[in-house]
Amino acid sequence: MTFCPARFLGLVFALRLAAVEVPLAVEETRGYTRRSENVTVGVPLPRAAVKDLARLTVIDPKGAPVPAQFETLAAWPDGSVKWVLVDFAADCPARGKTEYRLSDGGKRPDRASPLSATEHGDTVTVRTGPLNCELNRKSLNLFDSVQLGKSAHPG
2 MTFCPARFLG LVFALRLAAV EVPLAVEETR GYTRRSENVT VGVPLPRAAV
52 KDLARLTVID PKGAPVPAQF ETLAAWPDGS VKWVLVDFAA DCPARGKTEY
102 RLSDGGKRPD RASPLSATEH GDTVTVRTGP LNCELNRKSL NLFDSVQLGK
152 SAHPG
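When you read off a place in the sequence shown, starting at 1, and then add 1, the result is the number in the numbering used here.
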């Protein structure tokens, strides 16, 4: 057999174009409908398939991205991810199965509003996006005010 650089480069190029698509099957066996149940799974990946965890996403059965976290557990000598830890929230019917997918070609979901806490004198304001709370350090109330969306509720 003779070595042909053109064929070898074509093979390497084809391997780099191959997408990561790993099925993540979630099965409920106790008879309870699960909503946003925490799922943690380790997934092995082929050499050179994923170098940047930011490319990974979890896709639900309808094709929508779901919030997920990824952590490299082991790396190949070339620096690509060998094992990735995946954490996400899954829905599953009672005694049913739901298939999610780990993909390197999907769009990640928009990030939730960031959590912030600001201090002004004796008042601490906590903002989570839709929920805003004010706490007073000198008051015995848990909250001086709570606002959810456009509805304000005094403490």
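Among these hints, one or two may not hold up.
[Stated by the list, open to error] Derived DMTMM-like pairs (lysine to aspartate or glutamate); straight-line CA-CA distance at most 25 Å: (1) 108 to 72; (2) 63 to 100; (3) 108 to 120; (4) 52 to 72.
Calculated from the structure, these hints are not laboratory results.
Keeping to a limit of 25 Å between CA atoms, is the pair of residue 52 and residue 72 held or broken?
Since the Cα atoms of residue 52 and residue 72 sit roughly 12 Å apart, the hinted pair holds (cutoff 25 Å).
Check whether the Cα positions of residue 63 and residue 100 lie no farther apart than 25 Å.
10 Å, holds
Assess, step by step, whether the Cα of residue 108 is no farther than 25 Å from the Cα of residue 120, and give holds or violated.
Given pair residue 108, residue 120 is violated - Cα atoms ~36 Å apart, limit 25 Å.
Check the hint pairing residue 108 with residue 72 against an upper bound of 25 Å on the C-alpha distance.
Satisfied, since the Cα-Cα distance of roughly 18 Å is no more than 25 Å.
Going through the hint list in order, the structure does not satisfy hint 3, though it satisfies all others.
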